[in-house]
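S.K.: Read top to bottom, the protein sequences are chains L and R.
For the first sequence, the working numbering puts the final residue at 190, and the numbers step up evenly by one.
For the second sequence, the working numbering puts the final residue at 583, and the numbers step up evenly by one.
It is worth saying that the hints were derived from the structure and are not from the lab.
A portion of the hints provided could be inaccurate.
What the hints assert, rightly or not - Computed list of lysine-lysine pairs in BS3-like fashion (alpha-carbon distance at most 30 Å, straight line):
hint: 1; chain 1: R; residue 1: 194; chain 2: L; residue 2: 171
hint: 2; chain 1: R; residue 1: 450; chain 2: L; residue 2: 3
hint: 3; chain 1: R; residue 1: 557; chain 2: L; residue 2: 92
hint: 4; chain 1: R; residue 1: 194; chain 2: L; residue 2: 167
Said to hold, decoys possible - Not the full set, but computed from the structure, chain L residues with beta-carbon under 7 Å of chain R:
hint: 5; residue: 29
hint: 6; residue: 63
hint: 7; residue: 100
hint: 8; residue: 102
hint: 9; residue: 131
Bear in mind the structure is a predicted one, so any value in this text is a computation, not a measurement.
The beta-carbon is built from N, C-alpha and C at its ideal position, and this holds for glycine as well.
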Amino acid sequence: MRKLTEIRWHGRGGQGAKTAALLLADVAFQSGMHVQGFPEYGPERMGAPITAFDRISDSPIRVHSNIYEPDFVVVVDETLLHSIDVTAGLKKDGAILINTERNAEELLPLLNGYEGRVYTINAKDVCMRTLGKYFPNTPMLAAIVKISGVIPEGEFLSQMEESLRHKFAKKPEVLDGNMKALKLALLEVR
Amino acid sequence: MSIKDRMSGNEALGVAIRQINPDVMPAFPITPSTEVPQFVSTMIANGQIDTEFIPVESEHSAMSAAMGSEAAGARTITATSSCGLALMWEVLYVAASSRLPLAMCVVNRGLTGPLNINAEHSDSMGARDSGWLQIYAENNQEVYDNMLQAYRIAEHKDVRLPIMICQDGFITSHAVQDIELNEDEPMRKFVGKYEPEHYLLKKDEPMAMGPYANSPFCMEAKRAQAEGMAQAKRVILEVAKEYEAITGRSYGFFEEYNMKDAEVVLVCMGSACGTIKDAVDELREQGIKAGLIKVRVFRPFPGEELAKALEGAKAVAIMDRAESYSTNGGPLGSELMAAMYRNKNTAEAVNLMYGLSGRDLTVSQVKDIYGDLVEMITKPEKNRAYRYIGLRE
């Protein structure tokens with residue numbers, strides 16, 4: 001039986017939701033999966049709502065449409081809950097992950113009656129404690145890996161370490177902060 | 191040995207271009223061009239290739255410079271998209287009629303009106319009569335494979351025509367997917383060295399390029415150009431065969447998916463074909479004899495071959511991602527229906543507009559189209575010859 005996981009990201013231009021979606025595709029590929037990671041392109045600008053998608057499968061992926069019935073939804077900016085129907089089509093046996101300081105119960109009224117699991121993470125807190133700067137995509141990436149189980153956590157961390165080391169070869173301090181952020185996010189998602 | 195990797199369609203073109211190592215790339219290095227010139231200039235800066243990059247001030251200049259360098263005897267590449275291709279228009283025809291086998295990466299995006307940047311075939315479809323070869327891709331893998339075959343086809347002495355390697359804007363150009371790359375050395379060998387017979391810098395053979403040709407000569411030149419296009423059919427298949435022997439991946443004018451006993455058939459080009467394949471699989475499980483023909487080569491147009499491949503079909507939907515405002519169908523629909531008429535095909539046929547300005551096409555919409563075709567077999571009066579898919583009415 002073919003196993004396909006579909007993830008939809010909601011964020012605002014400049015928050016790195018697209019980068020996070022592509023990074024997730026990247027680590028899933030490295031653990032031997034077939035992947036597709038793509039943003040929905042429009043007139044992008046800082047702060048405008050953006051959507052990005054991931055398909056992760058054990059068999060080749062051919063479909064090229066957007067994702068309308070995702071298994072998981074990631075909301076990188078909770079202010080989007082007021083303007084976008086983020087749970088549209090989200091599977092009941094799936095889950096939504098929201099970046100917020102509040103708890104899940106407080107957000108439920110904004111989720112259009114979604115009956116599935118609701119996870120939250122305070123990405124800002126994670127970032128400030130580890131990176132000293134607010135890059136929400138790093139903790140969100142770790143949190144969705146944990147919730148979706150698309151890659152085992154240990155494998156995820158070792159692959160991220162490898163790719164970040166390569167990417168920031170000249171800035172080892174960046175690697176350290178990012179790894180701390182990823183590890184803390186795995187603990188902080190609830 | 192293939193190398194498993196993951197990258198976007200544009201990045202895949204970058205890898206192919208690195209393996210080809212063309213002599214010259216004139217390109218307009220900002221929007222509406224693609225990421226491809228950026229990748230190439232990075233590879234040049236890193237010493238991976240020794241291509242001469244010429245940043246020009248417009249797409250019209252990009253194509254003019256590409257013509258000049260190709261005429262001088264250098265293997266030349268450029269890249270563009272959408273209105274950038276439109277600005278090259280005048281020179282496209284000159285490049286083709288001068289029989290200059292340069293290659294261009296085209297990331298298919300709509301021509302403006304209303305302003306839009308998303309996937310559509312209207313840019314390269316508008317250039318379909320310019321005398322360029324055109325090859326389309328379903329995904330990053332195909333655009334990579336097509337790029338590597340491009341010069342072998344274009345530079346063949348029986349062809350000598352410029353070639354567009356097309357892919358769907360954003361849908362494949364910017365989507366990261368897994369891919370199998372070839373090793374560098376066999377590809378360098380496969381592509382080979384460019385050794386033109388006649389070129390401007392050949393000192394023992396002074397020649398004029400692009401001279402005025404009045405009516406006693408011009409028609410013969412055009413006929414010769416058309417002959418190059420006709421010869422390209424044979425060459426495309428030969429090159430594909432040779433490529434398959436190295437890579438194991440086979441290509442033709444088109445791909446037939448579940449066509450053996452297919453009664454209801456979609457004919458399409460580009461990324462939507464992947465979506466259609468998933469729909470075909472689901473319908474086959476329900477016992478519906480669905481099939482797909484994915485057109486890879488649009489210029490030259492394999493009309494006769496396509497019509498023959500459709501002989502067993504009872505109802506056919508031809509899918510166009512470009513409007514031509516003829517009120518009689520899009521480019522693929524019009525050309526294929528003409529070929530089917532000549533071949534005396536008996537299938538009911540309909541021409542559908544989909545995916546304009548990046549409008550999504552889903553598996554469920556595709557299944558509905560097949561449902562319409564099934565109904566059309568018994569009730570041909572239901573056939574609406576030309577309509578839009580996914581339109582908000």
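S.K.: Each hint: holds or not?
M.R.: Hints, verified against the model:
1. Note on residue 194 of chain R and residue 171 of chain L: the hinted pairing holds, with a Cα-Cα distance of about 29 Å set against a maximum of 30 Å.
2. Between the alpha carbons of residue 450 of chain R and residue 3 of chain L the distance comes to roughly 28 Å, so the proposed pair stays at or under 30 Å and holds.
3. Restraint check for residue 557 of chain R and residue 92 of chain L: the C-alpha separation of about 24 Å stays at or below 30 Å, so the hint holds.
4. For the proposed pair residue 194 of chain R and residue 167 of chain L, the alpha carbon gap of about 20 Å is at most 30 Å, so the pair holds.
5. With 7 Å as the threshold, the beta carbon of residue 29 of chain L comes within range of chain R, its nearest partner Cβ sitting at about 4 Å, so the hint holds.
6. For residue 63 of chain L, the shortest C-beta to C-beta distance to chain R is roughly 5 Å, which falls under 7 Å, so the interface hint holds.
7. The closest approach between the C-beta of residue 100 of chain L and any C-beta of chain R is roughly 28 Å, which is over the 7 Å cut-off, so the hint fails.
8. Annotation: residue 102 of chain L was flagged as interfacial toward chain R, and the flag is violated, the nearest CB pair being 33 Å apart, outside 7 Å.
9. With a cut of 7 Å, the hint placing residue 131 of chain L at the interface with chain R is violated, because the nearest CB-to-CB distance is about 25 Å.
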